[in-house]
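The chain contents come next:
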Amino acid sequence: MRALWRLREYAGPAMPFFAGSMAAALVAQLIALAIPQVLQQIVDGPLAHGEASAVIPLAVLVFVLGAVEAILYAIRRWLVVGPGTRVEARMRNALYAKLQDLPVSFHDRWPSGQLLSRAVSDLGLIRRWLSFGLVLTGANLVIIVVGVGILMSMNWFLGLIFLVCSLPLWWAGWRFEGRYSEMSRLSQDQAGDLATAVEESVHGIRVLKAFGRGKHALSTFRAQAESLRSTEIEKARLDASIWVWIMVVPAVALSLCLVVGVWLAAQGQLTVGELLAFFATATVLAWPIESIGFMLAFALDARTATDRFFDILDSENTIVDPAEPRTVERARGELAFRDVHFRYQDSPARFGDLLDGVDLVLEPGETMALVGLTGCGKTTMTALTTRLYDVTGGSVTLDGVDVRAFTRDELRTHIAMAFEDATLFSASVRDNVLLGRPELSGDDPGVLAEAEQVLDEALRIAQASFVYDLPDGVDTKVGEEGMSLSGGQRQRLALARAVAAKPAVLVLDDPLSALDVATEARVEAELRSVLASTTALIVAHRPSTVMLADRVALLENGRVTAVGTHSELLRESEHYRFVITSLEDEERRSTGVDAVDAEDTIREEAAS
Amino acid sequence: MSVTGVQGEERQDYSKAESAQIRARSRHLLGSLLSPLKAKLWLTAVAIVVSSAAQVAGPALIAYGIDQGIPALVEQNWFPVAFAGAAYLITGLVGAFLIAVYIRMSARISQAVLIDLRTRMFLHTQKLSLEFHESYTSGRIISRQTSDLDAIRELMDEGLTLLVRGLMYMVFTAIMLVIVDAPSGFVLLASLVPLGILTRWFQVRSQSLFRRSRVASAKLIVQFVETMTGIRAVQAFRKQKRNEAEFGGLVEDYRDVNAKVLGLFAVYNPGMALIGNTAVAVTLVLGGFRVIDGDLGVGVLLAAVLYTKRFFDPMEDMAMFYNGYQSASSALEKISGVLEEEPSVPDPVTPVDLWNAEGDVEFDGVEFAYTKDRVILPRFDLAIPAGQTIALVGSTGAGKSTLAKLIARFYDPSDGVVTLDGIALADLHPKDLRRAIVMVTQEAYLFSGSVADNIALGKPGASSDEIVRAAMAVGAHEFIEGLPNGYDTDVNKRGGRVSAGQRQLISFARAFLANPAVLILDEATSSLDIPSERLVQEGLTKLLADRTAVIIAHRLSTVAIADRVLVMEHGRIIEDGTPAELIGGTGHFAAMHAAWKDSLV
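Line by line, the protein sequences give chains R and W. By the working numbering, the letter at position 575 of the first sequence is numbered 567, and the numbering carries on one by one without gaps. By the working numbering, the letter at position 183 of the second sequence is numbered 195, and the numbering carries on one by one without gaps.
Chain R extracted, bound-state conformation (with noise of 0.2 angstroms):
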């Protein structure tokens, strides 16, 4: 339970109102099981001598202790509905906010799937359990006790009977629930493979049905419907095996106390009306009897729930800012990589690091193309430069400085990206492409001109002109829940966003292969006047995105291997022509025409 002593943290405020909760509940409790005292006054009173007018006052009590009964139980509930909910507002933006700032190697693990459920379903459990199964778990205890009390005052061996009755109950209740939450633990799991399956046969729906493979799809699917179909059904078995306890039980204490009741009345040891209340009080006490069963596995439950959200709120952020940490009003571009080492966390001990010592200076101003073999690690190169993982050996340096030393917030403004897989999220063209111009929102009018400027000129620079062709313009929502874009055109919108930040360094993971050559082209004679003064690292797959660049690196086995520019790598690297070279190159090539003439040539002309 000490995981749940820790909700404190959350629930602090909300305390009090779920303790003057439970003490509702609990007077409410105990006016229930006052009426029956009532009724067996009424029953050896006025019923027993035959005097009518006595019993209007008793049934009037009656009432008011009802009509209490019930303005108790409003209470219980009014108070801690804005507390219970605010309880679970704080902990979902908490976590929220923790995952956000957690890295991405820490997103790498965990499925959104498996978040999700922490943020929704179980922080609602939690708020469900706090407002209701506490207090109602505290409530019910006292009144089990109280309750119990009063039916051994009332007739000690009844009161006995009763209760040595009701023991196996809590027997049962307690076994059913270890058995039970391993059972739905198991379909939880089984649910989300379930949903994995679904939402894979939705993405890869043009695989599916370019191979026909609609039916296989379905035959895996049916094996996890079927599986989760089994265990539901034993769930439902423990749930009938729990639900006979709890009807069983009951028939047989009450059948035995309705037996030595009758006969300890006919002798005389008994009222009727004390046997009457009698029965009439363990009717109230049924449901908290019952309950305890349950109260324990909600407990339970909001147990689980409680520790799967700390441990997300525990899990320790390894990339963090600095304590103290170094600013600069506007850098000047200068990015190096010195001895940097990086592996996965996850990377079997028998494979090196991925990157295993890359030493690279990209000067204030410089474009450099990245070169090297599909998976050589030249995308987790570029994650670097942001921090998005941490080097684990060496450092990558912004005008000398380690980009460990910056706030992230900092070195983020400094250093934009744009992804291979190009992310939209669900807003408006605009607000997709200003992503890394916070300042630029706002209604103050210079500020909307300026935002329009920047707009207009990053959706210029990446060719994205597409946008103001689309329902609303700019203002169209794309993204998951909007329109859907083309390859293409997501991945020129990113471009655009990349250049509407203004960083100083640019970070651009093969920006261009989803375009066709001559937009490619469009967008790489605008890239040129961008680049032209700002640090750029460019991931290239190609020639044509190579001659944006001012020197090449080759990274070749974790090292960067050569550095110079196109023509001088193809002259003096192998490895590079390997890489870089295309059949119809070597083709060329073989045909006479010198391909590092043409280079030098082209450069000439975009020079002048």
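These are computed hints drawn from the structure, not numbers from a lab. A hint or two may mislead.
[To be verified] In silico DSS-like cross-links for lysine-lysine, where the CA-CA straight-line distance does not exceed 27 angstroms:
#, chain 1, residue 1, chain 2, residue 2
1, R, 469, W, 384
2, R, 494, R, 469
3, R, 227, W, 52
4, W, 139, W, 346
5, R, 469, W, 609
6, W, 139, W, 471
7, R, 469, W, 346
8, W, 50, R, 227
9, R, 207, W, 139
10, W, 554, W, 443
11, W, 384, R, 207
12, R, 207, W, 346
13, W, 384, W, 28
14, W, 554, W, 609
[Said to hold, decoys possible] Chain R regions said to be covered by chain W (calculated; three or more residues, Cβ under 8 angstroms):
#, region
15, 130 to 143
16, 200 to 210
17, 392 to 405
18, 462 to 469
19, 550 to 557
[Stated by the list, open to error] Computed far set for chain R versus chain W, every beta-carbon distance over 12 angstroms:
#, residue
20, 15
21, 171
22, 295
23, 299
24, 318
25, 387
26, 429
27, 445
Built from N, CA and C at the ideal position, the CB exists for glycine as well.
Since chain R is already given, all that's left is putting chain W on it; use the hints.
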């Protein structure tokens, strides 16, 4: 605006006729799901009726025991009290046993319904055309199949059991009350009036709140998932603070509507308790007078009071599960809408078999348009003889992909016919169609599972030898061997740490293994590095030697291996010839080729 299929799904203001239409189709769906389970349903109904009756017999037996048992026992007659005790025990046991039967049966029924519904949704989703998927968005179709089905499951699992059990319990309690003491029955009947008014009030208020709560939670979920899946961009562009503000607003909306719902319950439930307690007090007064007059036994009075009190017991549960009912019924409305969507590319009614395709593709008077005034491909004819390799070039939006998708029958032409070996694609057995024609797209999707599993998707049951051969043929073998567990490496969600280029290689190997008569490559090499592309091209030259191929590529390098080039613009084929002819000419292609040559270097 119509509400047929998924149209108008997001609206909240249906007219009477539209609501009726939606309800009718949900009912029809529910009926079709339940009809195979008729026998089980009846058995379950009998179990619940009998067990409820047994359960409510209790107070009557206690009344009998007290009123008849005590005087009899004074006379040393044990029979009435023994009978009452035994009967109480037996009804308890029977009730318990039948409840157990009921729970297990209802779980079987609900699981049968769910698996049926899941399968139908899954199959239907796969049948629906890409056109549908593109406009409906993946998020929505996934939530139909997950959270909406969950809502139905929750109702069937818990809500329905409690609802049915509670309802039966109330009905029998009322009946027993009338049997033991009719005047008390009238008191209960009278109390139903305020109860009805209160319930109606609750229903009306809660309905709109529940709807708002679902909208609020959906928004919350969308924002959450989007943040987590796009975490790189969120962090790189410092969106955290802005996200926190947005998310905080959504959390507050959700909290607010939840608090309002709970507030309703905080009025409704105590209100019911008040009505119940009042009814008990009135019963007590009326009964008390009659006991004094000698018209009523004390035991009967107790039974009447207990019955009146018990009648209100299940009400709280029922209110709770009204919530479940609300969300389940709206979920069912949406699901039935999706199931109502007709696939625009239907399977043939009388499929024609084609065991061995040659690969002869023809377009005969084909036109493709989304609507009358949005013609994507104006009417054209095109013959691609078996074995020919075609390169489709042209700028973005020229209609290359659409043409390719017509061959793969992702779409059907709005006019004219596409044939394979003289058989219309629409008549071809889907199995033969998919065996003969395979399309590889730019977006190389990997399913969770091993690399080998993903390649084997091209040919289920392929031996590991075949898989390795396919990977070798496209030059993927080397990098796969370098993965932590080689071919058994798990490619985690959405391709995880396999780079974009590597994903494309795997999907190439998949197509290679499928070995189709017609292969369509839509931008399938865009993320490959040049050495990989070179390997793929070597593989392709072999692979494409004796089969029909349509290649769409932005990089003209691929064109080198084509027998014939089609240049497209604004949906029309404007140039058609061998690469050499076109390069030598003065058309678009010659210009594009020249520009591309320059870009190479």
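Hint check results:
1. 469(R) to 384(W): Distance ~26 angstroms between residue 469(R) and residue 384(W) Cα, so the pair holds.
2. 494(R) to 469(R): Judged against 27 angstroms, a Cα distance of about 23 angstroms means the pair holds.
3. 227(R) to 52(W): Answer holds: residue 227(R) to residue 52(W) is near 19 angstroms, not above 27 angstroms.
4. 139(W) to 346(W): The hint holds at about 18 angstroms.
5. 469(R) to 609(W): violated, 39 angstroms
6. 139(W) to 471(W): With Cα atoms ~20 angstroms apart, residue 139(W) and residue 471(W) stay inside 27 angstroms; holds.
7. 469(R) to 346(W): holds, 23 angstroms
8. 50(W) to 227(R): holds, 23 angstroms
9. 207(R) to 139(W): OK: residue 207(R) and residue 139(W) at ~10 angstroms, within 27 angstroms.
10. 554(W) to 443(W): Holds: residue 554(W) and residue 443(W) sit about 26 angstroms apart, inside 27 angstroms.
11. 384(W) to 207(R): It is violated: about 34 angstroms lies between the C-alpha atoms, which goes past 27 angstroms.
12. 207(R) to 346(W): holds, 24 angstroms
13. 384(W) to 28(W): violated, 32 angstroms
14. 554(W) to 609(W): OK: residue 554(W) and residue 609(W) at ~25 angstroms, within 27 angstroms.
15. 130 to 143: violated (count 0)
16. 200 to 210: As far as the region 200 to 210 of chain R goes, the hint holds, because 10 residues have Cβ atoms under 8 angstroms from chain W.
17. 392 to 405: With 4 residues closer than 8 angstroms to chain W, the region 392 to 405 of chain R meets the three-residue bar; holds.
18. 462 to 469: It is violated: at least three residues are needed, and the region 462 to 469 of chain R offers just 0 whose Cβ sits closer than 8 angstroms to chain W.
19. 550 to 557: violated (count 0)
20. 15: holds, 16 angstroms
21. 171: For residue 171(R), whose nearest Cβ neighbour in chain W is about 15 angstroms away, the distance exceeds 12 angstroms, so it holds.
22. 295: The assertion about residue 295(R) holds, with a minimum of 21 angstroms to chain W.
23. 299: Fine: 20 angstroms to the nearest Cβ keeps residue 299(R) off the interface.
24. 318: holds, 18 angstroms
25. 387: Holds, because the least Cβ-Cβ distance between residue 387(R) and chain W comes to about 20 angstroms, which exceeds 12 angstroms.
26. 429: Non-interface label fails for residue 429(R): nearest chain W Cβ at 9 angstroms, not farther than 12 angstroms.
27. 445: Non-interface label stands for residue 445(R): nearest chain W Cβ at 19 angstroms, farther than 12 angstroms.
Of the numbered hints given earlier, the model fails hints 5, 11, 13, 15, 18, 19 and 26; all others are met.
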